Amino acid sequence: MRSLTIASSGMLAQQLNVDVISNNIANMNTTGFKRQRAEFQDMLYQTLERMGVSSSDQNTLIPTGIQVGSGVRTASVYRIMGQGNVQPTENPYDLAVEGRGFFRVRMPTGETAYTRSGAFALNAGGELVTADGYAVEPGITIPDGTVLVTVNPQGQVLARLAGQTTDTNVGQLDLAAFANEAGLDAQGSNLFLATAASGAAQTGTPGSTGFGAVRQGYLELSNVNAVQEITSLITAQRAYEMNSKVITVSDEMLQMTARLSRS
Amino acid sequence: MDNSLLVGLTAQMTLRRNMEIISNNIANVSTSGFKREAPVFEQLLVPVEAADASLREVSFVRDWGVVRDMSAGAMLQTGSQLDVSVQGEGFLVVRTEAGERFTRDGHLKLDAQRRIVTADGHPVLSDGGEVTIPPGESDVSIAADGTISTQLGAIGKFRVVTVPSHTLRKEGSNLYASDAPPSPATGARIVQGAIERSNVEPVVEMTKMIEVMRAYQSSTEILNATDDLIRKAMQRLGEVKV
Chain U
87 MRSLTIASSG MLAQQLNVDV ISNNIANMNT TGFKRQRAEF QDMLYQTLER MGVSSSDQNT
147 LIPTGIQVGS GVRTASVYRI MGQGNVQPTE NPYDLAVEGR GFFRVRMPTG ETAYTRSGAF
207 ALNAGGELVT ADGYAVEPGI TIPDGTVLVT VNPQGQVLAR LAGQTTDTNV GQLDLAAFAN
267 EAGLDAQGSN LFLATAASGA AQTGTPGSTG FGAVRQGYLE LSNVNAVQEI TSLITAQRAY
327 EMNSKVITVS DEMLQMTARL SRS
Chain C
8 MDNSLLVGLT AQMTLRRNME IISNNIANVS TSGFKREAPV FEQLLVPVEA ADASLREVSF
68 VRDWGVVRDM SAGAMLQTGS QLDVSVQGEG FLVVRTEAGE RFTRDGHLKL DAQRRIVTAD
128 GHPVLSDGGE VTIPPGESDV SIAADGTIST QLGAIGKFRV VTVPSHTLRK EGSNLYASDA
188 PPSPATGARI VQGAIERSNV EPVVEMTKMI EVMRAYQSST EILNATDDLI RKAMQRLGEV
248 KV
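As you go down the protein sequences, you meet chains U and C in turn.
Going by my numbering, the letters in the first sequence line up with residues 87 to 349, in that order.
Going by my numbering, the letters in the second sequence line up with residues 8 to 249, in that order.
Isolated chain U, as found in the complex (with noise of 0.2 Å):
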């Protein structure tokens, strides 16, 4: 019977949904994490009857056809990067982005990496740098000697110096934008790389048209909304339990005709 697999088809698709549900639930409290999203199609149809084909020799059409399908199937599952809360932490070197833009990180391998999560920290030699140590582009040096360390929204990192009563301006960060963020390959870490679906990184200054703020001494938080995934967990869950349903009925008819030959 067909419904077998196109249920075991359903139960698949539902594993990998749960799977996507666990995977945000258990980053609910990372620093910059966009929760993801399993995306679905229906697969194949199998027209027994044609639609608009004609019943009789007086032009009589049959208007719908019969068309069985087979299940369903994994077409993506891909990034929501809608804005986390914010968070104060009043670690200087914790930024968040408030809007659009991604902060780039220079990897070891020489690529550039995009994050959102601004938990940043300065290395032996005054970079800044993120929590694995990788240097912050374009590369901002903190002299020695400095008493306090101020980044503006526009992004502008402003070093005061011991003894001095002006700031001196030691960097500019700037941010990357995506046509598709969705698009983004996920690295671990809360780091991306881009690819041919997330079009090329445009750099812009914080603050310019289409490029988010960005805030010094906060933390933005996960987008995982706890309520939004328990449900949609309970919903994954149910429809798996619907899909095992069905394989038991198909089963019960199977066995309803192998009984008809008792005798």
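Check each hint, because a few of them may be wrong.
[What the hints assert, rightly or not] If you want the footprint, here are the derived chain C segments under chain U, 3+ residues with CB under 8 Å:
{"#": "1", "region": "31-41"}
{"#": "2", "region": "56-64"}
{"#": "3", "region": "93-100"}
{"#": "4", "region": "133-146"}
{"#": "5", "region": "158-171"}
{"#": "6", "region": "178-185"}
{"#": "7", "region": "217-227"}
Quick caveat, the hints were computed from the structure, so don't treat them as lab data.
Given the structure is predicted, the values throughout are model-derived calculations rather than measurements.
Beta carbons are placed, not taken as given, at the ideal position from N, Cα and C, and that holds for glycine.
On the provided structure of chain U, position chain C as indicated by the hints.
Structure of chain C alone, referenced to chain U:
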């Protein structure tokens, strides 16, 4: 006598097909833009020879078509820039290798040439053909009438069309095909950042599934009873002594 076996058989065949359609609906409960389907049955009268006029017709059952419930599914806010959903009657137009296809699944993305494509990579068409986001532009916004614009201005307008529903056939991958020419949709609105969910009602499908199972069971009973009858007749006839 043979007729009741055949009637039971036609009932089982159509019930199986009904079950396949129900299970496809249930499997696609999370498929964006999916429209549920239901089979239509009809009585098929077959004349037979009988002395009594009222017994001269036997009614078989036959599946005659599949109807598609084109009502809208619930709107799911995703906040993704390239997720669009069509509110009201209308389809987005997609260009595939086999020609123009129609879809209600608005989960779109950019391909390597920066064209707006579906999850499978088929370009979504605007009034002027494929839509390409020029390099250097990233802030895509899509208006209610389907106009696509970036920070530098409008690029195009999604074609939203209606197709006579009886000509639509499903092709899988959330695509519909039709032999009839599409006409521009009048009452449709495009919503950016939302996806239309499947319109399958799980409760309805489960109830229908139980109904199908019970009907299948009772037609099995008919077959069993007929079988018993034939067997008993043969036994009794064998006992007759001349």
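Going down the list of hints, with the structure as the test:
| no. | hint | result |
| --- | --- | --- |
| 1 | 31-41 | holds (count 9) |
| 2 | 56-64 | violated (count 0) |
| 3 | 93-100 | violated (count 0) |
| 4 | 133-146 | holds (count 6) |
| 5 | 158-171 | violated (count 1) |
| 6 | 178-185 | holds (count 4) |
| 7 | 217-227 | holds (count 6) |
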